[in-house]
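Protein sequence lines correspond, in order, to chains F and D.
Following this note's numbering, the numbering of the first sequence begins with 1 at its first residue and continues without gaps.
Following this note's numbering, the numbering of the second sequence begins with 1 at its first residue and continues without gaps.
Just so you know, these hints were derived from the structure itself, not from any lab.
Positions of the beta carbon are idealized from the N, C-alpha and C atoms, including for glycine.
Hints are supplied without guarantee of correctness; some may be wrong.
As the list claims (entries may be wrong) - SDA-like mimics (lysine to any residue), calculated; alpha carbons at most 20 Å apart, straight line:
no. : chain 1 : residue 1 : chain 2 : residue 2
1   : D       : K438      : F       : K386
2   : D       : K443      : F       : T347
3   : F       : K383      : D       : K443
4   : D       : K435      : F       : F350
5   : F       : K342      : D       : E429
6   : D       : K235      : F       : N244
7   : D       : K435      : F       : R346
8   : D       : K219      : D       : K276
9   : D       : K234      : F       : K342
10  : F       : K243      : D       : K424
11  : F       : K342      : D       : K165
12  : D       : K438      : F       : A337
13  : D       : K445      : F       : K243
14  : F       : K379      : D       : K276
15  : D       : K235      : F       : A235
16  : D       : K450      : F       : A337
17  : F       : K387      : D       : K219
18  : F       : K329      : D       : K235
19  : D       : K437      : F       : A337
20  : D       : K165      : F       : A317
21  : F       : K387      : D       : E253
22  : D       : K220      : D       : E253
23  : F       : K379      : D       : A447
24  : D       : K438      : F       : N244
25  : D       : K450      : F       : A317
Stated by the list, open to error - Just so you have them, the derived chain F footprint on chain D, three or more residues with Cβ under 8 Å:
no. : stretch
26  : 189-195
27  : 396-406
The lines below spell out each chain.
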Amino acid sequence: MRSVLARRCLWALAFAVTLLALLATAPQMFAQGGEPQYFAIRGAKIVPVSGPPLENATVVMAHGVFTAIGKDVAIPPDAWIIEGKGLTVYPGLFDSFTDVGLPSAAPAPGGTGEGGGGGRRAAPTGEISRGPEDRPGTTPWRSAADEISLSDKRIDSWRNGGFTTVVSAPKGGMFPGQAAVLDLAGDRASEMVVKTPVAFPVSLQPGGGFGNFPGSLMGALAYAHQVWIDTEWSARAQAMYEKNPRGVARPRYDRTEAVLGQAAEEHILVLIPANNSVQLRRALELVNLWQLDHGDHVDGVIYGGQMAYEVAAEIGARKQKIPVLVNLKWPEGEKDADPDEKPSLRTLRFRDKAPSSPAALAKAGVPFAFYSGGITAPKDILKAAKKSIDAGLAPDAALRALTLTPAEIYRVANRMGSIETGKIANLVVTDGDLFDEKTKIKMIFVDGKRFEAREPEKPKDPPKGNMTGKWKLAYTTPEGPEDSTLDLDMASDGTLSGTTTSKRGTASIISGYVSVDKFSFTINIPIEGNPTDVVFTGTFDGSTMKGNIDVMGFSIEFTGTKPTSQAAAAVGSAIESRTSKESSVAGGAQ
Amino acid sequence: MQIEKRSRAAVVCLLCYFALPFLTRAANPPDAPPVILIQNATILTVSHGTIEHGSILIKDGKIAEVGTSIKAPKDAQVLDAAGQFVIPGIIDCHSHIAVDGSVNEGSVSVSSIVNIADVLNPDDIDIYRDLAGGVTVANVLHGSANSIGGQTVVIKLRWGLPASKLPFEGAVPGIKFALGENPKRSNFSIPGSTPRYPATRMGVEETIRTAFAEARDYKKTWDDYDKRMAGGDKKAIPPRRDLRLDPLVEVLEGKRYVHSHCYREDEILMLLRVAKEFGFKVRTFQHVLEGYKVADEIAAAGTGASTFSDWWAYKVEAYDAIPYNAAIMTRRGVIVSINSDDAEEATHLNQEAAKTMKYGGLTHDEALKLVTLNPAIQLGIDKRVGSIDVGKDADLVIYNHDPLSAYAVVQETLIDGRVYFDRKRDISERDAREKEKKVLMEKEKKAEEKKSGDKKPGEGKPVAGKPEDKPKPPQSNAVSRGAL
């Protein structure tokens with residue numbers, strides 16, 4: 001009698017455990033991106049890019065690749081069918097040069113006190129660099145693929161904006177590291193890597209200043225030239241030494257030369273910065289100047305390209321075409337510009353004509369792709385691409401610059417960039433034309449995994465408390481402790497507006513909101529002459545707040561207090577007087 | 001959408017109309033008519049006196065004929081210069097215009113690795129302004145922050161051409177040295193950073209000596225390697241090419257000119273001694289404000305002197321400067337030029353030259369030579385420019401008065417027979433440029449308003465009022481924005 005009971009209990013236990021196990025795994029199967037690997041979108045407009053668009057067609061995906069595309073394709077029985085009526089299916093978009101997926105740029109380990117790729121001067125971390133032999137700002141061994149951090153919120157927001165693929169590189173220094181092609185999905189960082197290394201970006205920003213080589217543009221150029229000469233010498237010297245070491249002083253080992261030499265053998269792309277016409281023409285000469293072994297030139301790709309409208313014909317005239325990655329952050333006037341300060345005619349013309357650069361490149365037969373540049377919101381990337389269409393670029397060409405062309409440039413076009421059978425199943429599904437402002441992105445597929453598009457975050461819940469008032473913020477940047485005032489105005493629905501004043505000047509809030517006790521707002525200030533978005537996010541409680549400031553990949557903690565009205569006035573005037581004192585010093589040093 | 005398209009098209013048409021005349025100026029060089037005749041001018045040849053009521057025939061960018069009665073060939077463009085003066089293009093022997101980024105690589109004491117030619121900026125408006133001052137050739141130098149500075153380049157001010165077309169073809173490349181207070185910077189320190197060696201004049205000398213000793217050794221390793229290769233040795237690993245020492249080797253081999261910034265007599269003599277010891281020549285001393293004290297030594301060394309007209313006492317090492325410097329050195333047999341070291345100063349080098357007539361009694365033609373033929377000789381380009389002689393480049397400046405007069409204003413500046421600056425045309429184009437500016441600013445404003453109009457009410461700033469209505473912001477705000 002007891003044994004029967006015991007056996008029944010054991011069975012019940014086993015059953016319960018199995019049920020629990022199933023329940024535990026079940027959510028996985030239906031969570032975002034964890035669904036069945038078989039999908040079919042039926043009856044949609046499909047824009048393959050590699051061919052003409054197909055109306056009322058079907059695309060089938062399985063195990064991360066496209067298995068069938070066409071009007072009357074068989075849909076496997078275990079595929080999850082998505083009715084595509086009213087939907088348009090595009091290949092997943094490519095951001096061809098960014099650092100999405102990589103955490104805030106730390107100063108390069110082992111490097112000397114050079115500035116980041118954005119030109120921001122970090123405090124000297126190590127020794128001063130006294131010449132090219134100290135290899136300032138040179139860390140070509142850093143690999144984006146090794147530094148991916150899934151906690152980067154931009155992975156989510158880029159994907160949500162239709163971007164399934166990015167080419168990300170570490171930032172910081174003149175040879176910051178190796179770029180990789182990443183697909184923006186995966187439970188583990190390594191799953192995101194599609195191909196690495198694909199390119200070596202070069203920056204010619206001399207972060208040095210007085211005391212750190214290089215401190216000038218010509219210094220950066222000379223340094224880069226010396227690095228390539230050394231790389232070529234090293235490859236030759238090592239080879240000769242290996243053949244006949246006896247009686248010869250051994251050539252020294254240099255990590256930079258070793259890494260770049262390896263890359264040169266594999267003909268890895270070198271990304272050369274060039275935005276205005278002078279830089280563009282110089283870049284064409286640099287590609288000839290930076291030679292490798294046996295007289296091979298580096299495989300150059302230009303990034304920037306916003307004045308290509310003046311130089312496109314010259315780029316196109318070259319026998320070996322140099323592709324151009326066009327920065328979509330079109331030049332704009334400063335948001336808080338002094339209205340009495342009139343920009344020069346040259347600046348006005350540049351701002352006016354920059355969006356016509358892609359059309360000029362297309363006309364000259366130069367392959368080009370788009371990248372986000374300093375844009376922080378993915379929908380603004382598409383808006384900026386639309387501007388180039390308004391300025392004369394064919395919409396097909398604009399789409400290609402966001403899909404197949406970057407895949408071709410980075411040599412992964414055999415596996416992505418268009419909707420073709422066998423290629424990686426990256427898609428963005430919209431309810432209209434991709435470049436139309438009213439179009440909404442419905443869903444995104446990355447490596448065959450489905451993601452529902454989220455609506456942009458609007459304040460869902462009413463704010464708890466009122467943030468309106470004058471706040472005093474404190475934070476520590478690489479240049480030292482700083483503070484600023486924040487004049488906030490919170491509307492009843494939680495929308496934020498206002499201005500911040502710091503030693504860098506005054507800036508208005510472009511957008512911001514409060515939800516319960518969480519807030520987020522964005523300002524735009526010029527950093528080294530370029531308008532740059534700075535995002536403040538955090539929580540507040542009554543008259544204190546704390547959070548993070550995100551700018552150019554850096555993330556800095558800050559705290560804020562809302563002093564009483566008297567104290568606030570005192571704080572305001574203190575900042576004013578310090579601003580004028582500092583500005584007189586800075587003005588004198590000019 | 002339709003109305004938008006139409007108004008946009010209208011704006012574009014308007015733009016094209018206004019833009020066309022001078023979209024060409026910045027983008028393309030001026031027309032190059034094959035034949036130009038300048039007639040009825042007072043020609044100051046510099047090399048062989050003055051020709052009254054003279055004419056210059058220019059063919060294919062060169063001076064084909066100079067004389068009193070030249071008949072205009074068919075199809076020649078005729079420039080009537082009645083009552084006007086023509087001189088050879090002014091050559092500025094010490095210039096920092098047209099440089100992209102900093103003109104100094106001040107991080108290290110010996111920065112011979114950098115090259116100004118790598119960073120020429122053809123869009124620098126100072127090129128145009130100096131053209132308006134009659135300058136046709138500039139010796140663009142590295143700054144004076146380093147004992148041994150970067151490589152330098154001679155350019156022609158071909159406004160509108162890309163950087164690759166600016167350098168003076170065939171001109172010997174140069175390198176900048178600096179002696180005295182600027183490279184030693186003993187009274188200039190950045191809190192928190194180690195001061196850079198050298199901090200004394202003796203340190204400056206040591207820096208130069210050591211660099212050339214290194215260069216000598218480097219040259220020897222390459223000479224040894226070349227010998228071994230010539231001897232059939234295949235095993236030899238070549239030395240590593242050092243971009244910092246290559247230009248110093250060129251100096252030792254006489255293939256690169258040394259232009260040395262200096263002030264005091266002791267450092268002038270120091271450099272002459274060091275150069276003699278290492279077997280190279282100093283091509284020019286720059287500024288050389290105490291040159292009058294050691295004029296004989298400079299003359300004996302065959303070194304040129306390029307100096308200011310009358311700048312003095314702006315630092316301790318300039319205390320003993322006198323405006324007679326140029327004249328005294330000239331009388332002692334030094335080839336002297338007067339330079340600007342400054343984009344604004346370069347717009348009136350003709351008047352700076354004139355000052356030597358008052359201070360030192362140089363003749364009219366001797367004074368004019370200081371900014372034309374002498375700098376050409378110093379830069380080794382006198383076979384092509386510096387005077388109005390048949391066969392030389394048609395680099396010419398037309399003035400409305402004698403160029404050494406305070407009333408002289410440049411009317412036209414020609415380089416290689418092309419009019420790169422035309423005063424009348426510049427004045428006539430100003431209105432159109434202002435109009436184009438207004439059109440573009442209006443366009444931007446409209447786009448900005450459209451953008452903020454799309455925003456929800458409550459977000460974004462209210463549309464700014466007219467610039468005249470808004471009160472001028474306090475000075476500190478404006479400066480602090482620019483201070484970044």
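Results of checking the hints against the structure:
| no. | hint | in the structure |
| --- | --- | --- |
| 1 | D:K438 with F:K386 | violated (25 Å) |
| 2 | D:K443 with F:T347 | holds (14 Å) |
| 3 | F:K383 with D:K443 | holds (18 Å) |
| 4 | D:K435 with F:F350 | holds (16 Å) |
| 5 | F:K342 with D:E429 | holds (19 Å) |
| 6 | D:K235 with F:N244 | holds (7 Å) |
| 7 | D:K435 with F:R346 | holds (14 Å) |
| 8 | D:K219 with D:K276 | holds (18 Å) |
| 9 | D:K234 with F:K342 | violated (65 Å) |
| 10 | F:K243 with D:K424 | violated (71 Å) |
| 11 | F:K342 with D:K165 | violated (31 Å) |
| 12 | D:K438 with F:A337 | holds (17 Å) |
| 13 | D:K445 with F:K243 | violated (69 Å) |
| 14 | F:K379 with D:K276 | violated (68 Å) |
| 15 | D:K235 with F:A235 | holds (15 Å) |
| 16 | D:K450 with F:A337 | holds (18 Å) |
| 17 | F:K387 with D:K219 | violated (56 Å) |
| 18 | F:K329 with D:K235 | violated (53 Å) |
| 19 | D:K437 with F:A337 | holds (17 Å) |
| 20 | D:K165 with F:A317 | holds (18 Å) |
| 21 | F:K387 with D:E253 | violated (56 Å) |
| 22 | D:K220 with D:E253 | holds (12 Å) |
| 23 | F:K379 with D:A447 | holds (18 Å) |
| 24 | D:K438 with F:N244 | violated (71 Å) |
| 25 | D:K450 with F:A317 | violated (39 Å) |
| 26 | 189-195 | holds (count 3) |
| 27 | 396-406 | violated (count 0) |
Hint violations for this structure: numbers 1, 9, 10, 11, 13, 14, 17, 18, 21, 24, 25, 27, all remaining hints satisfied.
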